[in-house]
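Enquirer: Here the protein sequences come in this chain order: A and B.
FYI, in the UniProt record's numbering the residues of the first sequence are 1 to 313.
FYI, in the UniProt record's numbering the residues of the second sequence are 1 to 507.
There's no promise every hint is true.
Taking lysine to any residue and the SDA-like style, the derived pairs with C-alpha atoms no more than 20 Å apart in a straight line are [said to hold, decoys possible]:
1) LYS459(B) to PRO322(B)
2) LYS288(B) to ASP467(B)
3) LYS214(B) to TYR501(B)
4) LYS402(B) to THR32(A)
5) LYS250(B) to GLU368(B)
6) LYS256(B) to GLY159(A)
7) LYS52(A) to ILE395(B)
8) LYS136(B) to THR42(A)
9) LYS102(B) to THR143(B)
10) LYS172(B) to THR143(B)
11) LYS209(A) to VAL122(A)
12) LYS258(A) to VAL41(B)
13) LYS258(A) to ALA364(B)
14) LYS122(B) to GLY134(B)
15) LYS385(B) to GLN375(B)
16) LYS180(B) to PHE82(A)
17) LYS157(A) to LYS256(B)
18) LYS258(A) to ASN227(B)
19) LYS193(B) to THR88(A)
20) LYS122(B) to PHE82(A)
To give a feel for the contact side, a few chain A residues facing chain B, derived at Cβ under 10 Å [unchecked claim]:
21) VAL41
22) ASP93
23) GLY274
24) GLN275
These are computed hints drawn from the structure, not numbers from a lab.
The C-beta atom is built at its ideal place from N, Cα and C for all residues, glycine as well.
One-letter residues, chain by chain:
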Amino acid sequence: MKSFLARRLLSGVVLVFVISTLTFVLMRMTGTDVARNIAGVTASSAQVAEKKTELGLDRPVFSQYLDWLGGALQGDLGRSWFSGDPVTATLTDKLPVTLSIVLGGLLLSAVVSVLLGVAAAVRGGVLDRVVQVVAVIGFALPSFLVALILAFFVGVKWGLLPATGYTTFAESPGAWAQSVILPSLSLAVGAIAATAQQVRGSMLDILAKDYIRTLRSRGLSNRSLLLKHALRNAAPAALTVLGLQFIGLVGGAVVVEKVFGLAGIGSTANVAAGQGDVPLLMGVVVVMVTLVVVVNLLLDVAQGWLNPKVRVG
Amino acid sequence: MRRVLIGAGVVAVLVGTAACSGGAATGGGSGSRTLTLAPLVPAQPWDLKDAGLGNNTQYYQPVYDSLLRLDTEAEPKANLATEWSYDSTNTVLTLKLRDGVKFTDGTTLDAAAVKANLEHNKTGSQEAAGQLKGIKSVATEGTDTVRITLAAPDPSFVANLGSVAGMIASPKAIEAGTLKSTPVGSGPYTLDKSATTGGSVYTFVRNKDYWNIKAFPFDKIVLKPLNDPTAVLNALRSGQVDGALITTPKNVAAAKSGGLNILKYAPGDVAGVYIWDRGGKISPPLGKLKVRQAINYAFDRTELIKSVYQGDGQATAQVFNPTSTAYDTALNEKYPYDPAKAKALLAEAGYPKGFKVDIPDLSAIFPEAQAAMVQQLADVGITAKLVTVPPGEVINQLLAGKFAMSYMSLASFHSWDTVQIQIGKDTTWNIFKNQDPTVTKLINTAQHSTGAEQDTAFKELDTHLVDQAWNAPWAVVENSYAYSKKVKVVPQAFTPVPGIYNFTPAN
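Produce the complete structure using the sequences and hints provided.
Expert: In structure tokens form, the structure reads like this:
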């Protein structure tokens, strides 16, 4: 298990490095005159030149990158070119918002999809068909549309939950939960649809296996059969799908944060990319890729725990 | 599986609890003594040298007080400065300061503090600093008198001291270099950092030592930046914010039906087609007067106001603000919608089949306006070839002179501001630095005169620019500001959003 984790960890580090390098190169290749954007429309050419020097933009791209990398390895992601705030401080402010809705979305999709998938596979009949139809609809609905519908009906019309904004957990755990439910749900709908189908399929496969029949013939209770044997063997496939869905959730967060007026990593990435704020965007990219790597690693651990064969794979 | 079921149970309980208690919290965003607004943009750095104007002003107003205060008609009134006067050359402005004002760090407001601020802020390169660029020197006389010497007369300078350019921060904080992240002023409120999250929510609590506390009835100001039109509407309709600008005209009806009041006012922006290359440098046809006049005849301004601005605007053919001394209503009759005349003028100018011109694709920012412009130009034979430009690069590329013309909305306040923004030879939006002897002469007269003589010079300048078809403006646009029934608000001339002192509780 240790070497399995070490291999996964190493490939994660390589992924973070490759993606951050590519992002840096692409950002610097756009030819945007960031110094003028930062200096302001009334800036003289001398002030623009001064800004360029201050930001180190007059130096070769490679040396700028090495500087950034050196800092990043020591935990210093630099300062935003526009606000002047340390990138790590900005990310510390924004990350909890995105993590709350993305992990909330992941948790919701894991729970609901397992319940739906298992129910559809075991009960079959009308329930199965209903779950399948619901899954197809859920898969077809883009998260921004779900977000718009939820914000309007649940937030504005019925006033059950906040239509916009985020409350920190420290300020009020109750208000925090309220502020993340609708965005999490908006993100989760697509993932639930995809994962429920996967769980259903795997469960049907497993339930048709000989050993299940053998166990059943020995008089094992239905509950024990389902939970201890079938679901445990069906789970790895579902976890794989969930891991892939997580990447989708992170991407979906950009739009969902916009609809719910949440100042998270997604909206920060949007603004930073639009302005050409390289340090801020690099910080966002590193954090998000790391997050994806970590969550996938955790899912791998869960897979390994559920299925020992994976550990030697 | 048990764990999964427990997880599901926890989520269900959480959803249930939240659903039961949701109403109270969502509605509780702003009590009667708290004003919660949603500006379009997050706060800029707090150092006034890096300050912007327009939508940014609501962040600076709570913490910083200004030398003068603009009334709702944008006329300067006494504030930190109680008296002011120019010398006979209109280049030396003497200000007398209010006694007994203190910054929140305990420093006293005196002439030296004002000098330190003006000298510091003019070194910046954002919009507020741009209004201070004309300062040659600042001298103090005793502790309560400041003498500002300008390089040349600036008819807008006094009014600018009533906005962000005239705001004063603690000189101690300027010297310490801490202003960028922590504002220290003498304003009616202070930033409550413990209840502030950058980019998301900014909370200001009362400065109990403020000298004019009765002018600010709210105990707390909360600013929650929101830039998505749907998020703005949802926040307003669910009572999470008390006021926000509606940037999408079609959302105005939705706001009204949601029980909100709508305040309509002209913030001082003139929108339409700006002809940057009127010298014909990169697009030779635009160098010809008849072509520029043809462009003016090509637009059906009345129809454009209906379709592009949903009726929220006033047709104009001038770049000057209707409330400014330069504006002349009669000039709007100069170019009625007449595509046949436009075609005839193009033929007379040597372009019977029209011509092609590159235009930045602004469909991401002004979709309706751009579509209308392209269509009406095409109707008279002018082909607008759309060039893709990343939204963050539009201003840069325009200012770099890459386009001969485009749709744009530019600020237009007092007559002199318009000259300073787009007509003077070296001004930001006179991109190709066009000038002719009449323009130069009239600017010069207006700058060095006052009263009736100055008004006449501005009017002649406006007439000349319309005659010469420097641009093809369409409309003085109107803003729609939605606000809850819990507050009252009065509009402020020449600003995109009302100042925080324009709000009072409804009860």
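Enquirer: Each hint should be assessed against the structure and marked as holding or not.
Expert: Cross-check of the supplied hints:
Restraint check for LYS459(B) and PRO322(B): the C-alpha separation of about 12 Å stays at or below 20 Å, so the hint holds. Between LYS288(B) and ASP467(B), the direct Cα distance comes to roughly 13 Å. Compliance with the 20 Å bound is thereby established for this hinted pair. Our distance criterion of 20 Å between C-alpha atoms is met by LYS214(B) and TYR501(B), whose separation comes to about 10 Å. For the proposed pair LYS402(B) and THR32(A), the alpha carbon gap of about 14 Å is at most 20 Å, so the pair holds.
Restraint check for LYS250(B) and GLU368(B): satisfied, since their Cα atoms lie roughly 12 Å apart, inside the 20 Å limit. Restraint check for LYS256(B) and GLY159(A): satisfied, since their Cα atoms lie roughly 18 Å apart, inside the 20 Å limit. Simply put, LYS52(A) and ILE395(B) have alpha-carbon atoms about 18 Å apart, close enough for the 20 Å limit, and the pair holds. Taken as a hint, the LYS136(B) and THR42(A) pair is honoured in the structure, with Cα atoms around 18 Å apart against an allowance of 20 Å.
Straight-line distance between C-alpha atoms of LYS102(B) and THR143(B) comes to about 13 Å, which keeps the hinted pair within the 20 Å bound. A distance of roughly 16 Å separates the Cα atoms of LYS172(B) and THR143(B); the hinted pair therefore holds under the 20 Å criterion. Distance restraint check for LYS209(A) and VAL122(A): the Cα-Cα separation of roughly 14 Å lies within the 20 Å cut-off, and the hinted pair is therefore satisfied. Distance check on the hinted pair: LYS258(A) and VAL41(B) sit about 13 Å apart at the alpha-carbon level, within 20 Å; holds.
In summary, the hint linking LYS258(A) to ALA364(B) is supported, as the alpha carbons are separated by about 16 Å, within the 20 Å threshold. Distance hint between LYS122(B) and GLY134(B) is fulfilled; the C-alpha atoms sit about 9 Å from each other, no more than 20 Å. At most 20 Å may separate the alpha-carbon atoms for a hinted pair to count; LYS385(B) and GLN375(B) meet this at roughly 12 Å. Of the supplied pair hints, the one linking LYS180(B) and PHE82(A) holds, its CA atoms being roughly 12 Å apart against a limit of 20 Å.
For the given pair, LYS157(A) sits about 14 Å from LYS256(B) by alpha-carbon distance, which is consistent with the 20 Å threshold. A distance of roughly 8 Å separates the Cα atoms of LYS258(A) and ASN227(B); the hinted pair therefore holds under the 20 Å criterion. The straight-line distance between the Cα atoms of LYS193(B) and THR88(A) is roughly 18 Å, inside the 20 Å bound, and the hint therefore holds. A distance of roughly 19 Å separates the Cα atoms of LYS122(B) and PHE82(A); the hinted pair therefore holds under the 20 Å criterion.
Hint on VAL41(A) holds. Least Cβ distance to chain B is approximately 5 Å, under the 10 Å limit. The interface hint given for ASP93(A) is met, as the beta carbon of that residue sits about 5 Å from the closest beta carbon of chain B, less than 10 Å. Taken as an interface hint, GLY274(A) checks out: its beta carbon lies about 5 Å from the nearest beta carbon of chain B, inside 10 Å. Look at GLN275(A): its Cβ gets to within about 5 Å of chain B, closer than 10 Å, so that hint holds up.
Checked against the numbered hints listed earlier, the structure breaks none of them; every hint is satisfied.
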